[in-house]
Amino acid sequence: MRRSMIFMAGILAMVFMATFGQAQDQVPVKILSDKMEYVQENNTVVFTGNVHVDREDFQIWSDRLTVFMESSGGQAQQGMGPDGSQDIEKLLAEGSVRIERDQQVGTSDKATYWTKRGVVVMEGNPVLQDGESSISGEVITYHLQDNRGVVEGGQRQRVQAIFSAPATP
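Residue 0 is where the sequence shown starts when you use numbering that gives the first Met the number 0, and the numbers rise one by one after that.
Hints should not be assumed to be uniformly reliable.
Claimed, not checked - Beta-carbon label-pair distances, calculated as ranges:
(1) V126 to N146: 18 to 28 Å
(2) A166 to K29: 19 to 29 Å
(3) D145 to D33: 19 to 29 Å
(4) G123 to E88: 29 to 39 Å
(5) G94 to A166: 34 to 44 Å
(6) Q156 to E40: 31 to 41 Å
(7) K34 to D86: 19 to 29 Å
(8) E99 to Q159: 45 to 55 Å
(9) E99 to S163: 15 to 25 Å
(10) K29 to R116: 44 to 54 Å
(11) Q159 to E69: 35 to 45 Å
(12) K115 to S163: 36 to 46 Å
(13) A164 to L31: 24 to 34 Å
(14) A166 to V28: 40 to 50 Å
What the hints assert, rightly or not - Derived EDC-like pairs: lysine to aspartate or glutamate, alpha-carbon spacing no greater than 16 Å straight-line:
(15) K109 to E122
(16) K29 to D53
(17) K109 to D145
(18) K109 to E93
(19) K29 to E69
(20) K115 to E99
(21) K115 to D145
(22) K115 to E88
(23) K29 to D56
(24) K115 to D86
(25) K29 to E99
Derived from the structure by calculation, the hints contain no laboratory data. Bear in mind that the values here come from a model prediction, so they are computed numbers and not experimental data. Ideal placement from N, C-alpha and C gives every residue a C-beta, glycine not left out.
Sequences and hints are given; from them, build the entire structure.
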């Protein structure tokens, strides 16, 4: 039992460090949930029930958060730790997803963060709000490194942008 607890603590430490920065630029991250499960066969860590990720520069809420670990040669690696022996491939937040950063709020049914590419894809009624301005569509893709976003419409929903403009004199 003690060995399992130490192993789980090691996994959690690795998830936090690999997900949210290199050793030289780490920030504290706290993940709260009703349950956490490590699934070695799938190479995943799954947080379920009232998930809340709290980091100094943003927060995420969802019903479920899955952390997908990269595998070597299609097999889960035996050693995982802060030395980079295994990296995070992506994070998948599902169910009532809300992301807050500064005054900006994003909501969707599902959000996927591809860590190496620095890309967030929001699907399922995605909406981004900044104060009274908002934009929505079927899929919102945000490229963090370029500070660039793409909003796609489709058969179910066209792109809609709402913003304030100065009144005409």
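Hint check results:
Remark: the range hint 18 to 28 Å for V126 to N146 is upheld by a beta-carbon distance near 19 Å. The hinted window of 19 to 29 Å between A166 and K29 is violated, with their beta carbons roughly 44 Å apart. A hinted range of 19 to 29 Å is violated for the C-beta pair D145 and D33, which are about 36 Å apart. About 21 Å separates the C-beta atoms of G123 and E88, a value inconsistent with the hinted range of 29 to 39 Å.
Distance hint for G94 and A166: a CB-CB separation of about 41 Å, consistent with the stated range 34 to 44 Å. The hinted window of 31 to 41 Å between Q156 and E40 holds, with their beta carbons roughly 37 Å apart. Taking 19 to 29 Å as the suggested C-beta distance range, the pair K34 and D86 conforms, at roughly 24 Å. Between E99 and Q159, the C-beta spacing of about 21 Å breaks the proposed range 45 to 55 Å.
The hinted range of 15 to 25 Å is satisfied by E99 and S163, whose Cβ atoms lie roughly 21 Å apart. Taking 44 to 54 Å as the suggested C-beta distance range, the pair K29 and R116 does not conform, at roughly 25 Å. Between Q159 and E69 the beta carbon distance is about 37 Å. The supplied range of 35 to 45 Å therefore holds. Taking 36 to 46 Å as the suggested C-beta distance range, the pair K115 and S163 conforms, at roughly 37 Å.
As the Cβ distance of A164 to L31 is approximately 40 Å, the hint placing it in 24 to 34 Å is violated. With their beta carbons about 44 Å apart, A166 and V28 fall inside the hinted range of 40 to 50 Å. For the proposed pair K109 and E122, the alpha carbon gap of about 5 Å is at most 16 Å, so the pair holds. As the CA atoms of K29 and D53 are separated by approximately 5 Å, the hinted pair is consistent with the 16 Å bound.
The suggested pairing of K109 with D145 is violated, with an alpha-carbon distance near 22 Å, which exceeds 16 Å. The straight-line distance between the Cα atoms of K109 and E93 is roughly 4 Å, inside the 16 Å bound, and the hint therefore holds. Taking the CA atoms of K29 and E69, the gap is near 22 Å; set against the 16 Å cutoff, the hint is violated. For the suggested pair K115 and E99, the alpha carbons sit about 21 Å apart, so the restraint of at most 16 Å is broken.
Between K115 and D145 the alpha-carbon distance is near 13 Å, which keeps this suggested pair within the 16 Å criterion. A hinted pair counts as satisfied when its Cα atoms are at most 16 Å apart, and K115 with E88 qualifies at roughly 7 Å. Distance restraint check for K29 and D56: the Cα-Cα separation of roughly 12 Å lies within the 16 Å cut-off, and the hinted pair is therefore satisfied. A distance of roughly 9 Å separates the Cα atoms of K115 and D86; the hinted pair therefore holds under the 16 Å criterion.
This hinted pair checks out: K29 and E99 have alpha carbons roughly 15 Å apart, not beyond 16 Å.
In summary, the numbered hints that this structure violates are 2, 3, 4, 8, 10, 13, 17, 19 and 20.
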